[in-house]
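Asks: Now for the letters of each chain:
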Amino acid sequence: MRCFGRQCRGIGHVFVTLVRRTETHLLEMGEQVLPLARAAQAYLHGATHLSAEQRAHLTTRLTAALEAHHRIAHQSRRLTQGKTLSHCKIVNAYDPSIAPICKGKSNCPAQFGRKPGIIAEPAAGFIFALHLPVGNPSDASYVQPLVDDVEQAITRVRTRHTPAIHSLAGDLALNDAALREALHARGILTVGIPKTIDPLAPSPTPEDVSRILDEADLHGIRTPTQVHLACACGYSRPVVESIIASLLCRGAWSLTYKGHRGAIVQMGMAVLAHNAATLVRIHEYRLSKRARMFRRRLRLRCRKVNQDNASIN
Amino acid sequence: MHLLRYLQHWLSGRGPCLQVADFVPETHPIRQWADTFPWAALVAAVERSFAQRFPKLTTRGRPPVSTRVLLALELLKHELACSDEQICHRLRTDLAVMYACGLTEVQVDGSQAHFVLPEVLAQFRRRLDEPLMAELLAIQAATAMEDSLVSPAHLVVDTFPSEQGSQRVNDAATLYKAQKKSSRSSRP
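For the record, the sequence lines run as chains A and B. Counting with the working numbering, you get residues 1 to 313 for the letters of the first sequence. Counting with the working numbering, you get residues 1 to 188 for the letters of the second sequence.
If you're looking for bench data, these hints aren't it; they were derived computationally from the structure. There's no promise every hint is true.
[As the list claims (entries may be wrong)] Computed, partial: chain B to chain A, Cβ under 10 Å:
hint: 1; residue: Ala34
hint: 2; residue: Glu79
hint: 3; residue: Asp147
hint: 4; residue: Val157
Note that the coordinates shown come from a computational prediction; the quantities given were computed from them, not determined experimentally. Even glycine gets a Cβ: it sits at the ideal position worked out from N, Cα and C.
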């Protein structure tokens, strides 16, 4: 049975008897659902007074309800038999994306809800893509879809120099050998993903740079300057927290739109609004010293043209 | 479309015509925020997606509220932390919100209660889906990259919990803990 919360801070208590009793009760209550659903299906089949559209609509609804029942019954059966769940426990019959979040705060009750993933540039906090999967899978599984989305956005760019992803940073949860290999195959450095809890070296020696390029097998693809910049970017928790805080104050704190699709719409709108606010900050050059430094090194536009002209005049 | 007959349109006003841009200074935060969006591309993407998924069966009836207005209202709702009702009310009275919605001029009519009803906004939102949201985000990102405002060279990935039950510390929780601590420490 899955325990919630981190194991490092005390022992997670699971009330096995209570869980089994509740799940048995659920199974008993749900026994009547299947015969009722079959009867409803038979009735729908013979309901000639309903239009074809109405019948199709009701059949779809009934099938969705049966699927939800099947999912919950399967889960309850596993729990009563003392078997582990293949994934986190479903807590809402009609929305399997609402489930306990594996990545909880230490020594706290389990968190329930959704876990959106973002991919952003660390200098100003512009979010390139958002991923909100059904359920709460591991953090490493977010990376590939997010990188795919960024590359799709890049294909839309109509400038002479097509931008490219040089490096990717993340926390220890992204430390996965398969993921690293997949990113290296796409020409992306993974120096920003730590392997241990030790802090990353912000300025690597030439030997380190050579070793990083060797490990990733990206010698002809990435330059030492790009490695230096990737190390300097690293993974900064305050930077990520500031992006998350900005999203939370734009409605990502509590998702009120209905269902998984609603959650995607709400999060997407919050991200679009956040990005617009970020662009305003960039236009006005209201950026941290670190962000200004990165922008200079990435040769991004630093000031408004008219501001430059004004300063010259 | 029972809602259509309840719709109020700003074009139906009979009073003097106001130029919205004249009333909203260039330094206004909402104007600056709205000017960053590539509206034409975003609206085209939404209309293309709607036309594919919800083809119009008839050309009869009143013309619908512009996609540009509804999309801007949905975005403003998040930016200004408003409810559907609040943002629809602000559209009636706030010229900066009108500017963000792309309204260039308004016919003044005091008797008009709404420009857009909250129900219309909810109906618009119901039609948005995952691929469309991803496309809108990609358009915004591509425009920012084209303008050399952002670069995808070095990126950071992270996840965060949302929805009820989140244990993220907020002001109320901090205050509650502080009170509890002080009451404990004051005990003999």
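Asks: Evaluate each hint against the coordinates.
Replies: So, going through the hints one by one against the coordinates:
A cut of 10 Å between beta carbons decides the hint on B:Ala34: the least distance to chain A is about 8 Å, and the hint holds. Satisfaction of the interface hint for B:Glu79 is found here, the shortest Cβ-Cβ separation to chain A being roughly 4 Å, below the 10 Å cut-off. Because the smallest distance between the Cβ of B:Asp147 and any Cβ of chain A comes to about 7 Å, under 10 Å, the interface hint for this residue holds. The closest approach between the C-beta of B:Val157 and any C-beta of chain A is roughly 5 Å, which is under the 10 Å cut-off, so the hint is satisfied.
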